[in-house]
Amino acid sequence: MRNTFAKSLLTIAKKDKRVLLLTADLGYSAFEDFIKELPNQFINVGIAEQNMAGVAAGLAIEGYKPVIYSIVPFTTMRNFEQIRNDICYQNLNVKIVGVGAGYSYGPYGHTHHGLEDIGILRTLPNMTILAPGDPTEVRLATMSMMRSNTPTYLRLGKAGERVLYDKTPHFSIGKGIVLHEGSDATIIATSTLVSRAIEVATEMVKRKYSIRVISMHTIKPIDKALILESSRKTRVIVTLEEHSIIGGLGSAVAEVLAESQACIQFLRLGALDHFTKSIGLQDYMREKNGLSIRQVSSQILKLLSKVQHS
Amino acid sequence: MVQISPKIIVNLQRKAVIVRRHILTMSHRAKSAHTGGALSCVEILVALYFKIMRVFPKDPYNDKRDRLIFSKAHDAKALYAVLAERGFFEKKILKGYEVNDGKLAGHTIRHEVPGIEASAGSLGHGLPIACGVAYAGKLQKKKHKVFVILSDGECDEGSTWEAALFAGHHKLSNLVVVVDYNKLQGFGYTKDILDLEPFIDKWRAFGWDTREINGHDFSKIIHTCGEIPFDITKPSIIIAHTIKGKGGVEKHVNQVSSQYKPPTDEEYVEVMKSLHV
Chain A
1218 MRNTFAKSLL
1228 TIAKKDKRVL
1238 LLTADLGYSA
1248 FEDFIKELPN
1258 QFINVGIAEQ
1268 NMAGVAAGLA
1278 IEGYKPVIYS
1288 IVPFTTMRNF
1298 EQIRNDICYQ
1308 NLNVKIVGVG
1318 AGYSYGPYGH
1328 THHGLEDIGI
1338 LRTLPNMTIL
1348 APGDPTEVRL
1358 ATMSMMRSNT
1368 PTYLRLGKAG
1378 ERVLYDKTPH
1388 FSIGKGIVLH
1398 EGSDATIIAT
1408 STLVSRAIEV
1418 ATEMVKRKYS
1428 IRVISMHTIK
1438 PIDKALILES
1448 SRKTRVIVTL
1458 EEHSIIGGLG
1468 SAVAEVLAES
1478 QACIQFLRLG
1488 ALDHFTKSIG
1498 LQDYMREKNG
1508 LSIRQVSSQI
1518 LKLLSKVQHS
Chain B
196 MVQISPKIIV
206 NLQRKAVIVR
216 RHILTMSHRA
226 KSAHTGGALS
236 CVEILVALYF
246 KIMRVFPKDP
256 YNDKRDRLIF
266 SKAHDAKALY
276 AVLAERGFFE
286 KKILKGYEVN
296 DGKLAGHTIR
306 HEVPGIEASA
316 GSLGHGLPIA
326 CGVAYAGKLQ
336 KKKHKVFVIL
346 SDGECDEGST
356 WEAALFAGHH
366 KLSNLVVVVD
376 YNKLQGFGYT
386 KDILDLEPFI
396 DKWRAFGWDT
406 REINGHDFSK
416 IIHTCGEIPF
426 DITKPSIIIA
436 HTIKGKGGVE
446 KHVNQVSSQY
456 KPPTDEEYVE
466 VMKSLHV
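Same order as they appear, the protein sequences are chains A and B. Quick note on this note's numbering: the first sequence kicks off at 1218 and runs consecutively. Quick note on this note's numbering: the second sequence kicks off at 196 and runs consecutively.
Hint data in this document are derived by calculation from the structure and do not stem from the laboratory. Idealized CB from N, CA, C, for every residue including glycine. Fair warning: there could be bad hints in the mix.
To be verified - Sample of chain B residues with no beta-carbon within 10 Å of chain A, all distances over it, derived:
#, residue
1, PHE245
2, ILE247
3, LYS253
4, GLY316
5, PRO458
Stated by the list, open to error - Computed footprint of chain A on chain B; a stretch qualifies when at least three of its residues, placed anywhere within it, have a C-beta under 8 Å from a C-beta of chain A:
#, stretch
6, 318-332
7, 357-369
8, 391-398
To be verified - Taking lysine-lysine and the BS3-like style, the derived pairs with C-alpha atoms no more than 27 Å apart in a straight line are:
#, chain 1, residue 1, chain 2, residue 2
9, B, LYS290, A, LYS1231
10, A, LYS1234, B, LYS333
11, B, LYS333, B, LYS298
12, B, LYS298, B, LYS286
13, B, LYS333, A, LYS1253
14, A, LYS1234, B, LYS337
15, B, LYS336, A, LYS1231
16, A, LYS1232, B, LYS336
17, B, LYS290, B, LYS415
18, A, LYS1234, B, LYS338
Use the sequences and the hints to build the structure in full.
In structure tokens form, the structure reads like this:
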């Protein structure tokens, strides 16, 4: 995802000199082409994320389109107040890009896990939150975000994510994408776990269940219509995200469902509400948090059996 | 050295008295805090807006203007009073300071009235924003300057020093900081709470060219600002020694209380008598 982002941004920045890429000294082996081709549109501010967000606000005041970049916790939490006051309060055209969603940096430990970014940023007025599910969506999200002129957070995985589309889907901010139709249960997934949703759906076919899979690439504004449509089409809805189960996609979907007349079985799956003591690669960390194919499938089967017996 | 006629100085001093009257009136009406720090930066703001900066009150966001980011935004009433006196907006708008449905917040909101360049209020945010504005000016090879008014207290904030490092590294010679060094912060004297000294040496070490002046002396402020940039390869900083609460209610002058206590009715009558034009 990271390289797709870097490539997409370079393409856009070549055509628009107002686009500036700011990094807090991260992006080794991702931004070299950008630096080489557009040195005047690149600023490495040093390891100073608060200043980076403030500088970006100042650049945006003067008509530039700054994009700030670092690992998820550093570009959303270390500088949260600058994002709140300098960027969102002033409704400035600053794009915030976080690399390392969820457990992308699993072995590094909790400091580097990206688990609370959506939850905190969702509370900010004027903020749009994009969490694309594969490199195709990253490219489309980057293009859409750079066409907008309001604060936007783009949440990226890291490297090696599977491409989920054969052909370019229609991508519109605020409109989720139905990757797979189904009638028994809906998995609404986002970011690094959209691919997991497809894997689970494939697994469930073996058990004769048909699963609707949605990539909710925009968390704010959330696609209320698509959630409600799913609550009419299937009797089970499960959210799936590599983010704390508090505050993220699951919470956003729960808010919509709780205020609707929907009568469904609903479950949020995501990172457990704990500081992890275990460390390991992304798949290991997913397993530890109940997010393996087997674990997710088993949770959905439980809900399906409840529906069948009701 | 450029000679400044005594008449100009007298006019600026008169303007400073008028601005202090506005500040105390706003403070009294809204029973608001943050009066001492507003009073300590009056001469700095009056000199900048009436003599030093290029401004266009009737075309407030003209691209050729010098920009001013008022980072010590809790003292916004000083800025509001100066902008109103300079003709950016009508003086009656000052009545809407920190009151229900008023137009003027206790801490600045970008474009709430003409001339407010940035929303601020949380300390340590102004200098980073100003660095971005100044960097943009450099990229576009524009001539305007970017002024920032910092409080001494907000030099406790790490983000101020992140920005100081950035400005020095990028040689933002179009950036000018004025520190309103009144030496008092929330709970007491800066030297007792978190000592900034040797203050000027710190800025020098971060790559800035520095001047130190009496921040209530118009002639010094104007002469010093006339030399900006002090060094064409560095950002400039003026450490302006000031007195918190200057010209206000006497018992609060140079006291922590000036940060919190609005004038009582009696004090207001008394202090306004002393501030005659």
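Hints not upheld, ascending by number: 4, 8, 9, 11 and 17
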